[in-house]
Amino acid sequence: MEKIRVEKLTKIFGGHVKQVQNMLKDGKSKQEILAATGATVGVNQASFSIEDGEIFVIMGLSGSGKSTMIRMINRLIDPTSGSVYLDGKDIASMDKEALRNVRRQQLSMVFQNFALFPNRSVLDNAAYGLEIQGVKQDERYEKAMVALKRVGLEGYEQQYPSQLSGGMQQRVGLARALANDADVLLMDEAFSALDPLNRKDMQDELLELQEELHKTIIFISHDLNEALRIGNHILIMRDGNVVQVGTPEDILTQPANEYVERFIEDVDRTKVITAGSVMIRPYTVNIDTDGPRVALRQMRANEVSTLMVVDSKRELIGVIDARDTIKLIEDDKEHKVQRLDSIVNHDVATTTADTPLHKLMDTFAQTSMPVAVLDDRKKLRGIVIRGAVLAAMAGREVADND
Amino acid sequence: MTNLFALTSVPKLPLAGWIDSFVDWLASFTGFFNAVTNFVAGINAAIQWVFDLLPIPLFIIVIMALTWYITRKKPRKWSLLVFEAVGLLYVWNQGFWRDMTQTIALVLTASLIALVIGIPLGIWMAKSDIVQAIFKPVLDFMQTMPAFVYLIPAVALFGIGTVPGVISALIFAMPPVVRMTNLGIREVPKDLIEAADAYGSTTWQKLIKVQLPLAQQSIMAGVNQTMMLALSMVVTASMIGAMGLGEKVYFAVGRNDAGNGFAAGLAIVILAIILDRITQALNAQGQGK
Numbered sequence: 001m002e003k004i005r006v007e008k009l010t011k012i013f014g015g016h017v018k019q020v021q022n023m024l025k026d027g028k029s030k031q032e033i034l035a036a037t038g039a040t041v042g043v044n045q046a047s048f049s050i051e052d053g054e055i056f057v058i059m060g061l062s063g064s065g066k067s068t069m070i071r072m073i074n075r076l077i078d079p080t081s082g083s084v085y086l087d088g089k090d091i092a093s094m095d096k097e098a099l100r101n102v103r104r105q106q107l108s109m110v111f112q113n114f115a116l117f118p119n120r121s122v123l124d125n126a127a128y129g130l131e132i133q134g135v136k137q138d139e140r141y142e143k144a145m146v147a148l149k150r151v152g153l154e155g156y157e158q159q160y161p162s163q164l165s166g167g168m169q170q171r172v173g174l175a176r177a178l179a180n181d182a183d184v185l186l187m188d189e190a191f192s193a194l195d196p197l198n199r200k201d202m203q204d205e206l207l208e209l210q211e212e213l214h215k216t217i218i219f220i221s222h223d224l225n226e227a228l229r230i231g232n233h234i235l236i237m238r239d240g241n242v243v244q245v246g247t248p249e250d251i252l253t254q255p256a257n258e259y260v261e262r263f264i265e266d267v268d269r270t271k272v273i274t275a276g277s278v279m280i281r282p283y284t285v286n287i288d289t290d291g292p293r294v295a296l297r298q299m300r301a302n303e304v305s306t307l308m309v310v311d312s313k314r315e316l317i318g319v320i321d322a323r324d325t326i327k328l329i330e331d332d333k334e335h336k337v338q339r340l341d342s343i344v345n346h347d348v349a350t351t352t353a354d355t356p357l358h359k360l361m362d363t364f365a366q367t368s369m370p371v372a373v374l375d376d377r378k379k380l381r382g383i384v385i386r387g388a389v390l391a392a393m394a395g396r397e398v399a400d401n402d
Numbered sequence: 403m404t405n406l407f408a409l410t411s412v413p414k415l416p417l418a419g420w421i422d423s424f425v426d427w428l429a430s431f432t433g434f435f436n437a438v439t440n441f442v443a444g445i446n447a448a449i450q451w452v453f454d455l456l457p458i459p460l461f462i463i464v465i466m467a468l469t470w471y472i473t474r475k476k477p478r479k480w481s482l483l484v485f486e487a488v489g490l491l492y493v494w495n496q497g498f499w500r501d502m503t504q505t506i507a508l509v510l511t512a513s514l515i516a517l518v519i520g521i522p523l524g525i526w527m528a529k530s531d532i533v534q535a536i537f538k539p540v541l542d543f544m545q546t547m548p549a550f551v552y553l554i555p556a557v558a559l560f561g562i563g564t565v566p567g568v569i570s571a572l573i574f575a576m577p578p579v580v581r582m583t584n585l586g587i588r589e590v591p592k593d594l595i596e597a598a599d600a601y602g603s604t605t606w607q608k609l610i611k612v613q614l615p616l617a618q619q620s621i622m623a624g625v626n627q628t629m630m631l632a633l634s635m636v637v638t639a640s641m642i643g644a645m646g647l648g649e650k651v652y653f654a655v656g657r658n659d660a661g662n663g664f665a666a667g668l669a670i671v672i673l674a675i676i677l678d679r680i681t682q683a684l685n686a687q688g689q690g691k
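Chains as they are written, first to last, in the numbering used here: chain A, 1 to 402; chain B, 403 to 691.
To be clear, the hints were calculated from the coordinates, so they are not data collected in a lab. Mixed in with the good hints, there may be bad ones.
Only part of the chain A face toward chain B is listed, based on derived beta-carbon distances under 8 Å [claimed, not checked]:
1) Arg103
2) Met109
3) Asn113
4) Ala115
5) Phe117
6) Asn119
7) Tyr128
8) Tyr283
9) Ser305
10) Met308
11) Arg386
12) Leu390
Sample of chain A residues with no beta-carbon within 10 Å of chain B, all distances over it, derived [what the hints assert, rightly or not]:
13) Gln19
14) Arg71
15) Leu76
16) Asn101
17) His222
The structure displayed is predicted, hence computed values, not measured ones. A virtual CB, placed ideally from N, CA and C, is assigned to each residue, including glycine.
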C-alpha cells in the first residue's frame with residue numbers, strides 16, 4: 001500500500017522562480033542556472049512513491065538535494081512547487097495547524113548530528129515530542145522509557161546527552177522518534193556521524209526494530225553500502241534530479257545511466273546480488289521419460305557437460321555429467337538401459353532465488369558443479385554457475401539467457 | 403577643491419536647536435512622564451523599604467547566605483564570602499551603609515526595568531532580521547553616547563532626583579542584555595531548532611523549551627553587564643541628585659576632599675565586585691549540567 005507519494009516536488013533557493021523554472025524546462029543545468037540567476041535548484045520535479053512499512057533510501061553525494069528533499073517531506077523547508085501526499089493528504093498545502101499535527105503524530109525525525117537538547121536529560125529528550133503535545137508527565141515518561149528500552153538505553157535515562165558516546169546519543173535520537181509512535185520516520189544521514197563499527201550496529205538494530213515495528217522509514221544516506229544494506233527501495237539523486245528509483249538489485253544490475261554506474265563501482269556486489277539475478281535457465285532431462293541417449297544429445301546440442309535431472313513435476317532429482325553418460329551408453333551394447341538412475345549424482349548444492357551470492361561462496365569453493373536454485377515448492381527454477389558469479393562480482397552485465 | 407570651499411560656506415546645521423525643541427515638545431506630555439516617574443519611584447521606594455527594614459548585621463548575613471546558596475553546586479569560593487564580610491563591614495564602619503543600600507536600590511530598579519524591556523526586545527530581534535537591522539544602530543547609539551548626555555533631557559522630562567537617574571541608567575545599561583539575548587538565541591544550533599520544529603513545537607514552546615534555556619548563558623552574561631553599567635551610571639547620576647554612594651563621591655569632588663572621596667569610592671568598588679561575582683555565579687549555575 002502506498003504511504004507517501006511525492007509529485008513534481010521542486011525547491012528553488014534564492015528567488016527568480018519563474019525564470020529558473022523556464023530554464024529548467026529548456027534543460028539548462030544547475031550550474032548554468034546559478035550563473036545566470038544566482039538561484040540554486042535544490043530539488044527539481046521529483047516524483048516517486050513510498051510503500052507502507054518499507055525502508056526507502058534517498059541517496060546521493062553532498063549537494064545532490066537529498067537533505068532538501070527529506071526536509072520538504074515534513075516541510076522544514078517549504079517546497080517551491082509540487083506535492084507530498086501522506087496517506088492521501090497533501091502536506092505541501094497544509095495550514096500551520098494541520099502541519100503541526102502531522103509533525104506531532106505522523107512524522108518523526110532523526111538527525112545527522114543527533115540534535116539532542118543538551119539541557120534535557122535523556123529521558124526528557126526522549127519525551128520531548130510527547131511533552132509538547134501536552135501528554136502528562138507520568139504517561140510520557142512511561143512511553144519514553146519503553147522507547148529507551150527498545151534502543152538499549154535502560155539505566156541511562158537520567159544522564160545528559162554530553163555524557164554519552166555518539167552511538168548512544170543517536171540511540172536517544174531514535175528513542176525520541178519512536179516515543180511519538182509516528183508511523184513515518186525521517187532519518188537524515190542518521191548514522192553518518194558514527195564510526196564504521198557503530199554504524200553497522202545501528203543499521204542492524206534499525207533492521208531488527210523494523211521487523212518488529214514496520215514503520216515507513218525514509219533514510220537519507222551518502223553511503224551506498226548502507227543504502228544497499230537497509231533499503232527496500234533506493235532513490236538516487238544528482239544535482240537535484242531523481243536519477244533512478246529501484247530495489248538495490250535493480251540499481252546494481254540495471255544502472256540507469258553512467259552516473260549510477262560510477263556510483264556503484266566499488267560496492268561489494270556479492271552482498272547484494274542474489275542467486276536469482278545471476279541464475280541461468282538449466283538444461284534438464286526428465287528422469288521419468290528420458291534415457292541416456294536423449295541426455296547425451298541434449299548435452300551436445302547445448303554444448304554443456306552437465307544436465308540437471310528432474311522428475312515430471314520438475315522437482316530436482318540430481319545431476320548427471322557427460323562422462324558418466326557416455327560410459328553408460330558404451331557399456332550398454334544391447335540398448336537395455338532406458339533410465340538414468342544409475343548415474344544420477346544426488347549430491348547437488350541447492351539454494352533459493354533471494355540468497356545473496358556471498359552466502360554461496362563456500363559452496364563454489366568446494367565444487368565446480370552448478371548450484372541449483374529451487375523455489376519454495378522445491379521445483380527447479382534455474383542454476384548458478386561459477387562463471388556467472390565471477391562475472392557479477394566483476395560488475396559485468398550478467399548473461400541473459402532468455 | 404572649489405567643492406570643499408563651498409562646503410565650509412554651508413551654514414551650521416541647527417541640530418542642537420532641533421533636539422531642544424524635540425525635548426521641549428516631549429516635556430509637554432506631562433501626564434505620561436508623571437506616570438512614569440511615579441512608577442519608577444514606586445519600585446525604587448519598595449526596594450528601599452525592604453532594605454531599610456533589615457538590620458545591618460542581618461543584611462550582611464542575607465547577602466552571604468545568598469552567595470552560599472547560588473554557589474552551592476560549584477566548588478565554593480570561600481575567598482568571596484570572606485571578601486563580602488570584610489567589605490560590607492568596612493562600608494558599615496565608614497557610615498556609608500544607607501548610601502550603599504540606596505545605590506543598590508537604584509541599580510536594581512534600573513536593571514529590573516532594563517531586563518523587562520531588554521529581554522523581550524532581544525527575543526524579537528532574534529526572530530526578525532528586519533527588527534535586528536533597525537535596533538542595532540539604536541543600541542550602538544544608546545551605548546556609545548557619553549553617559550552624562552542622557553542626564554540633561556532626563557532632568558527636563560523627569561525633574562531632578564532618583565527617577566531621572568534610574569531612567570538614564572536604564573537607557574545606558576539596556577544594550578548589553580538586548581544584544582546578548584539576541585545573540586544567544588541566534589546561536590542556538592540550527593539542528594536543534596529543526597528538531598523542535600520537526601516534532602511540532604509551537605513558536606512559544608520552541609522559545610520556552612529550547613531557545614531560552616540554550617541562550618541562558620549568553621543572556622545571563624548580558625544581565626551581568628547590564629547591572630555593572632547600571633551601577634556606573636547611577637554613580638554618575640549623583641550629578642543630578644540621585645542619592646547613594648555616588649553622591650558622597652560627588653560631594654568630595656566639590657570640596658576637593660580626597661580622603662572621603664576615596665573612602666566612598668572604595669565602597670563603590672566593593673559593591674561592584676559583590677554584584678559582579680553574584681551575577682556571574684548565577685550564570686555558572688546554568689551550565690552545571
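Here is what the structure says about each hint:
1. Arg103: holds, 4 Å
2. Met109: holds, 4 Å
3. Asn113: holds, 6 Å
4. Ala115: This interface hint holds because 4 Å falls under the 8 Å limit.
5. Phe117: holds, 6 Å
6. Asn119: Asn119 (chain A) check passes; min Cβ-Cβ to chain B is 5 Å, inside 8 Å.
7. Tyr128: Since the shortest Cβ distance to chain B is 6 Å, the answer is holds.
8. Tyr283: Violated: closest Cβ of chain B sits about 57 Å from Tyr283 (chain A), beyond 8 Å.
9. Ser305: Violated - the Cβ of Ser305 (chain A) stays beyond 8 Å from chain B, reaching only about 62 Å at its closest.
10. Met308: Nearest chain B Cβ about 55 Å off; hint violated.
11. Arg386: violated, 50 Å
12. Leu390: violated, 46 Å
13. Gln19: Label holds. Min Cβ-Cβ 25 Å, cutoff 10 Å.
14. Arg71: With a cut-off of 10 Å, Arg71 (chain A) comes too close to chain B, as the shortest Cβ separation is near 8 Å.
15. Leu76: violated, 5 Å
16. Asn101: Violated, since 7 Å does not exceed 10 Å.
17. His222: Consistent with the label, His222 (chain A) stays out of reach of chain B, its closest Cβ about 17 Å off (over 10 Å).
Comparing the model with each numbered hint stated earlier shows that hints 8, 9, 10, 11, 12, 14, 15 and 16 do not hold.
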